[in-house]
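The listed protein sequences correspond, in order, to chains A and B. Residues 214 to 392, numbered by my numbering, are exactly what the first sequence covers, in order. Residues 214 to 392, numbered by my numbering, are exactly what the second sequence covers, in order.
Keep in mind the hints are simulated off the structure, nothing from the lab. Hints are not guaranteed to be accurate.
Copies of the same chain are indistinguishable here, so a pair counts whether it falls within one copy or spans any two.
Listed next, the in silico PhoX-like pairs over lysine-lysine satisfying Cα-Cα at most 25 Å (straight line) [what the hints assert, rightly or not]:
1. Lys287 x Lys332
2. Lys284 x Lys340
3. Lys259 x Lys340
4. Lys284 x Lys259
5. Lys332 x Lys259
Chain by chain, the residues run as shown.
There are 2 protein chains.
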Amino acid sequence: MSFWKSIFNSSPSASTVIPLESPSQSSPTEADQRNGTSERRIVFSKDRALDLYELEELCDAVGWSRRPLRKVRKAIQHSFLVMSMWEERGTSRRLIGFSRATSDHAFNATIWDVVVHPKFQGRGLGKALMQQMIRELRREDISNITLFADPHVVSFYSELGFTPDPEGIKGMFWYPNAK
Amino acid sequence: MSFWKSIFNSSPSASTVIPLESPSQSSPTEADQRNGTSERRIVFSKDRALDLYELEELCDAVGWSRRPLRKVRKAIQHSFLVMSMWEERGTSRRLIGFSRATSDHAFNATIWDVVVHPKFQGRGLGKALMQQMIRELRREDISNITLFADPHVVSFYSELGFTPDPEGIKGMFWYPNAK
């Protein structure tokens, strides 16, 4: 797990970073000294000025259907929170994760489009990305954080504190041809 | 059901109206002539300049917990779609239903706070309100319309074309104290 030890905030204005499966939380300076500046680091950013082609590549990597970039741009613009996850090495950075949430800015938020690059899965990064989302939404005083989970990720979200069908509440989707 | 026959659009700029369980769809003029101008009518509006105290009264009537009006105002401001339903008689109008949706303006919308005054329930007005919501969201090219339904209204939404847990997708809620 030494790969993920050198995690710190390299761009404080737009980014926040959380430690990942590190036994002790090191300050950026300590981590920097221990690992050197050319080490790989994971950085989270709320800045929505993303390269949409890079995002499309990430979504391609997990096999999602392509969506018109015009609509993707609009969706990002009108999301309450957009979180991207980057692998940084020296001055280069690579988009390895993404998530966003719609919200009424007051009570409810719904998380959509959670994606982690396959090469970076299985290392707690999806969990870290979601914890970052929850932290930001809570910081904005959103009390009701919701999502719609595919069957194979229900246990993943359960471990993060999400409950399926609480008190029998059902997630429902409208289909144009259903009625 | 003659009570609900005289439904027409009295305020075209801000409102739209749909016929409610009327065997034949009449034009506003025909309905007006048949029923007279002092008849009760149901009007739908997307105008979000609501009296928040009137909305609170409506929510009180169905037993919802009170919420700070400051946050309710913010939530309405940041909702993609806000739909109110009114009973109009002559020049007076009364708020009898409400619903709103958050959205990314591109792909997804989530419907919240669907309420119909108890005195007006059981007449197809909740259905009409939801159909109006769906129509508007579809008009805005939103393909994924979602909601979270309490157990006792799952069948109501099913009849409108909503499917619970499609392909095993689970609605999930995050609880601060769960983890």
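Tested hints:
no., hint, result
1, Lys287 x Lys332, "neither (28 Å within a copy, 41 Å between copies)"
2, Lys284 x Lys340, "neither (27 Å within a copy, 30 Å between copies)"
3, Lys259 x Lys340, "within (17 Å within a copy, 39 Å between copies)"
4, Lys284 x Lys259, "both (19 Å within a copy, 24 Å between copies)"
5, Lys332 x Lys259, "within (22 Å within a copy, 46 Å between copies)"
Consistency note: the structure conflicts with the earlier hints numbered 1, 2.
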